[in-house]
Amino acid sequence: AQSVSQHNHHVILSEAASLELGCNYSYGGTVNLFWYVQYPGQHLQLLLKYFSGDPLVKGIKGFEAEFIKSKFSFNLRKPSVQWSDTAEYFCAVTSNTGGFKTIFGAGTRLFVKA
Amino acid sequence: ETGVTQTPRHLVMGMTNKKSLKCEQHLGHNAMYWYKQSAKKPLELMFVYNFKEQTENNSVPSRFSPECPNSSHLFLHLHTLQPEDSALYLCASSQDLAGGPADTQYFGPGTRLTVL
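These protein sequence lines are chains A and B, in that order. For the first sequence, position 36 matches number 36 in my numbering, and the numbering has no gaps at all. For the second sequence, position 6 matches number 6 in my numbering, and the numbering has no gaps at all.
In short, the hints are calculated from the structure, not lab data. There's no promise every hint is true.
Not the full set, but computed from the structure, chain A residues with beta-carbon under 10 Å of chain B [claimed, not checked]:
1. Leu46
2. Ser52
3. Phe90
No farther apart than 27 Å at their CA atoms in a straight line, the calculated lysine-lysine pairs in the DSS-like style are these [to be verified]:
4. A:Lys101 - B:Lys41
5. A:Lys113 - A:Lys58
6. B:Lys52 - A:Lys101
7. A:Lys71 - A:Lys101
8. A:Lys101 - A:Lys69
9. A:Lys113 - B:Lys40
Cβ coordinates follow ideal geometry from the N, Cα and C atoms, glycine included.
Given these sequences and hints, build the entire structure.
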């Protein structure tokens, strides 16, 4: 069955620490990969996405993610987090096989201490 | 503001009530989605519409009834719900269906539903 796994449900970091959130997927075919973010009290919004080309994708606010096809992974990174990065982060996958579905991971709540 | 609006933002209803959730997108997108977001669970896709036609029903109970009169509006009609249906219901839209080149989804703020 198609699935998306996010390894950490809760992460607590101090400001300026580096961040890496893991995401692995189980999917056949060509995939589109996303990270969405939900800041407190706000709606879900796109952080970055991978469709094709360079597997290292840069998004907003200094975030980046690397698609490693052989590992079925799309980990999110940021070299130095800020208090304003406190949010919930969702990895998501769509595919051209398996119907018109986007499968989301369970989410990772990040809390950054000032 | 993403261009996707949802009303109401909060709804409390009894198990015998009938209510409807509304979603409107101002982005000119062709696909619209309903999701259920419960605490400690992944976002669950409920329904997908493309050009007003339903393309996915993710085994959703019949007490949830979607309606898509045009590409800009999506409704979720609710009747005889259960307390476990309490959740945040999110609407989203995208230019293309999932798997297409323009399938980035834009989400509304959600309707917080409480079933008593």
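Hints and how they fare:
{"no.": "1", "hint": "Leu46", "result": "holds (6 Å)"}
{"no.": "2", "hint": "Ser52", "result": "holds (9 Å)"}
{"no.": "3", "hint": "Phe90", "result": "holds (7 Å)"}
{"no.": "4", "hint": "A:Lys101 - B:Lys41", "result": "holds (17 Å)"}
{"no.": "5", "hint": "A:Lys113 - A:Lys58", "result": "holds (24 Å)"}
{"no.": "6", "hint": "B:Lys52 - A:Lys101", "result": "holds (16 Å)"}
{"no.": "7", "hint": "A:Lys71 - A:Lys101", "result": "holds (22 Å)"}
{"no.": "8", "hint": "A:Lys101 - A:Lys69", "result": "holds (20 Å)"}
{"no.": "9", "hint": "A:Lys113 - B:Lys40", "result": "holds (22 Å)"}
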